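The listed protein sequences derive, respectively, from chains Y and H. Quick note: the first sequence uses this note's numbering, first residue 4, plus one each step. Quick note: the second sequence uses this note's numbering, first residue 11, plus one each step.
Think of the hints as simulated: they come from the structure by calculation, not from any bench. In this text the structure is predicted, and so the values were computed from the model without any measurement. Check before you lean on any hint, since a few could be wrong.
As the list claims (entries may be wrong) - Derived DEER-like restraints, expressed as beta-carbon distance ranges:
no. : chain 1 : residue 1 : chain 2 : residue 2 : range
1   : H       : LEU190    : Y       : ARG198    : 27 to 37 Å
2   : H       : ALA199    : Y       : LEU27     : 24 to 34 Å
3   : H       : GLY63     : Y       : SER252    : 48 to 58 Å
4   : Y       : SER252    : H       : ASP203    : 54 to 64 Å
5   : H       : ALA220    : Y       : LEU27     : 35 to 45 Å
To be verified - Facing chain Y, from chain H, some residues (calculated, C-beta under 8 Å):
no. : residue
6   : PRO41
7   : ALA45
8   : GLY77
9   : LEU78
10  : VAL80
11  : LEU84
12  : LEU218
13  : GLY265
14  : LEU269
We treat Cβ as the ideally placed atom computed from N, Cα and C, and that holds for glycine.
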Amino acid sequence: MKRDSRELRGRLGRWRDRRRARLLARLLVTLLFLLPLAWMVIASLYPPGQPLPQQLGRLPGLPTGRNFLRIWSLVPMGRYTLNSLLVCALATPLSLIVSSWAGFAISQLSRASQRRWVLLSLAALMAPGVALWPARFFIYRELGWIDTIWALIAPAWMGTSPFFVLMFFRAFRRIPQAIYESARLDGAGVLIIWRRVALPMVRPTAIAVALLAFIHYWGDYLSPLLYLSSDRLTTLPVALQLIQQMSRSDWPLLMAAAVWATLIPVSLFVLAQPVFRGVSQPEET
Amino acid sequence: MPSLPRLTHHNRLLLLLAPYLAGIILLVALPAAMAFGLAFFQYDAISPPRFVGGLNFILAYTDELFGLSVQNSLSLVLLPAPLRVLGAFLAARLFQAGGRYLAPLRAAIFLPSVLPAAAFALAWLWILNPLFGPLNLILRAAGFDAPAWLADPAWARPALVLISLWQIGEGFLVCLAALLDIPPELDDAARIDGAGTIARIWYLALPLVAPVLLLLLFRDAILALQDSFTTILLTTQGGPYYATYTLPLFVYEQGFDLLSFGTASAALWVLYALAGTCVLLLYLVARQWQIGTTEGHFLL
Numbered sequence: 004m005k006r007d008s009r010e011l012r013g014r015l016g017r018w019r020d021r022r023r024a025r026l027l028a029r030l031l032v033t034l035l036f037l038l039p040l041a042w043m044v045i046a047s048l049y050p051p052g053q054p055l056p057q058q059l060g061r062l063p064g065l066p067t068g069r070n071f072l073r074i075w076s077l078v079p080m081g082r083y084t085l086n087s088l089l090v091c092a093l094a095t096p097l098s099l100i101v102s103s104w105a106g107f108a109i110s111q112l113s114r115a116s117q118r119r120w121v122l123l124s125l126a127a128l129m130a131p132g133v134a135l136w137p138a139r140f141f142i143y144r145e146l147g148w149i150d151t152i153w154a155l156i157a158p159a160w161m162g163t164s165p166f167f168v169l170m171f172f173r174a175f176r177r178i179p180q181a182i183y184e185s186a187r188l189d190g191a192g193v194l195i196i197w198r199r200v201a202l203p204m205v206r207p208t209a210i211a212v213a214l215l216a217f218i219h220y221w222g223d224y225l226s227p228l229l230y231l232s233s234d235r236l237t238t239l240p241v242a243l244q245l246i247q248q249m250s251r252s253d254w255p256l257l258m259a260a261a262v263w264a265t266l267i268p269v270s271l272f273v274l275a276q277p278v279f280r281g282v283s284q285p286e287e288t
Numbered sequence: 011m012p013s014l015p016r017l018t019h020h021n022r023l024l025l026l027l028a029p030y031l032a033g034i035i036l037l038v039a040l041p042a043a044m045a046f047g048l049a050f051f052q053y054d055a056i057s058p059p060r061f062v063g064g065l066n067f068i069l070a071y072t073d074e075l076f077g078l079s080v081q082n083s084l085s086l087v088l089l090p091a092p093l094r095v096l097g098a099f100l101a102a103r104l105f106q107a108g109g110r111y112l113a114p115l116r117a118a119i120f121l122p123s124v125l126p127a128a129a130f131a132l133a134w135l136w137i138l139n140p141l142f143g144p145l146n147l148i149l150r151a152a153g154f155d156a157p158a159w160l161a162d163p164a165w166a167r168p169a170l171v172l173i174s175l176w177q178i179g180e181g182f183l184v185c186l187a188a189l190l191d192i193p194p195e196l197d198d199a200a201r202i203d204g205a206g207t208i209a210r211i212w213y214l215a216l217p218l219v220a221p222v223l224l225l226l227l228f229r230d231a232i233l234a235l236q237d238s239f240t241t242i243l244l245t246t247q248g249g250p251y252y253a254t255y256t257l258p259l260f261v262y263e264q265g266f267d268l269l270s271f272g273t274a275s276a277a278l279w280v281l282y283a284l285a286g287t288c289v290l291l292l293y294l295v296a297r298q299w300q301i302g303t304t305e306g307h308f309l310l
């Protein structure tokens, strides 16, 4: 009896130790992933014009938001930001529609067809983007898309990434087929079923795809670099490079620009968190 | 749909797939085929293309920078790929289940992947700054001989690998989904049988998500080649002394700077070989594990 309780206490203690070790590891890893972001934000608040500290723990003065104002006097940051927003406003809904249509249609096909489409999507995922640069340039030129916004949002016509299609497929196939069948018997067409029945049931996936698509177009540095020839449509990632070329060693200014370019996607990501909470951890203890 | 009265249900479904298929053909299949053939032509994007046979291959493959770029691509992008996938897997395992506050912690792991690549590259340029960068301040305070990182030819490549380890969000999510697909009873049973943390990862979780990890590995290797281009252009521009000069830089310079798209396309054949191998392996993996056919486990 006594030995039993001692053993039990020992096991309970080990269990607690393990939990503590796991919590510690989790916090450390989280901290590690947040560190670059934190350093970026801290440096963006350094007062401009002061010598940078060369020792740990020294700050060059009180934190200030002046660097953010300095970017706006250096380059037309408002226009760049609006350009980025415009690209995302067009490309995100388009990606969402194309990828959810495809994912929904695949989930309704026969098993053999499903397999073919999944393999096609996986193969398209493997296509090396670099190998497509030159030829895409010629295709866009034939279509008259060079130096227009169409060159920036072009991938949205294929749902941006086959990965998004696969995400939708994964979500749609979890819905019992009988629900679709009954809607069909009620006389609903494919588009009605997609819009009224299927899409509302995969809301978290739809929001995740929209978010990922937004993040993709917001951060896209390659398309403007390769397919734009004037600065009319310059987006924020290219603007960052412009600012870097103007003042290479003004670190507070550069970090302020980086923080500005990061603000909207990070805010959207944080705001969308409650939507994912219920899905990603079904067996939460 | 009143506008499509004659179509059967099946054909309407195919209509929903049409934009996706058209996009893949126009933006992936056609460009791939074009670049494949363009390797045999001299083309500067202005005058009409001229057939030159194998000349472009000789031009590209005798270029010293080309050999260097392939070497650098291998050591910078392909070799670290397993490291990134392993990191994503271990992070996913760490945040798989149990405990409160899991959701915000998981979100924090994904957060660096939300940042625009250009902004993140600038941030790292600051962090790794030899004189004022916070990392070297810490290293010096701890008594280490801090390297010059991106300014030092010997350290530039490890530094770029280090940067890429922070943006593993997609792999993290895919691993997490795969791990959550494993019935929790399996893990509980192994725990009751006395299997430790490492044993449960090695003998249980790893074999069960192995096909997903393989797919991630292929995708990561190919995607990182393009993703690293942004980081490199904003940090080292291929330097110092061509230490970070990769294949995408060679293709970009040949094609978009020197306007010899034929030579650029010839250089791309290396990439085709790589991607072809990956697709073949993918097919074998998919057949072996029956990906896309089994009921409960779709996994990707």
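So, going through the hints one by one against the coordinates:
Hint check: H:LEU190 to Y:ARG198, Cβ distance near 29 Å, so the stated range 27 to 37 Å holds. Against the hinted window of 24 to 34 Å, the Cβ-Cβ separation of H:ALA199 and Y:LEU27 comes to about 27 Å, which satisfies the hint. H:GLY63 and Y:SER252 have their C-beta atoms about 49 Å apart, which keeps the hinted 48 to 58 Å range intact. For the hinted restraint 54 to 64 Å between Y:SER252 and H:ASP203, the CB-CB distance of approximately 60 Å keeps it satisfied.
A hinted range of 35 to 45 Å is violated for the C-beta pair H:ALA220 and Y:LEU27, which are about 29 Å apart. Hint status for H:PRO41: holds, given a least beta-carbon distance of 3 Å to chain Y, under 8 Å. Because the closest C-beta pair between H:ALA45 and chain Y is about 4 Å apart, less than 8 Å, the hint holds. With 8 Å as the threshold, the beta carbon of H:GLY77 stays out of range of chain Y, its nearest partner Cβ sitting at about 17 Å, so the hint is violated.
For H:LEU78, the suggested interface contact is broken, since its CB lies about 16 Å from the closest CB of chain Y, more than 8 Å. Because the smallest distance between the Cβ of H:VAL80 and any Cβ of chain Y comes to about 13 Å, over 8 Å, the interface hint for this residue is violated. Taking 8 Å as the C-beta cut-off, the interface hint given for H:LEU84 is violated, the closest approach to chain Y being about 14 Å. At its closest, the beta carbon of H:LEU218 sits 16 Å from a beta carbon of chain Y; the interface hint therefore is violated under the 8 Å criterion.
At its closest, the beta carbon of H:GLY265 sits 5 Å from a beta carbon of chain Y; the interface hint therefore holds under the 8 Å criterion. Nearest Cβ of chain Y to the Cβ of H:LEU269: about 10 Å, over the 8 Å cut. The hint is violated.
In this structure, the earlier hints numbered 5, 8, 9, 10, 11, 12 and 14 are contradicted, and the remaining ones agree with it.
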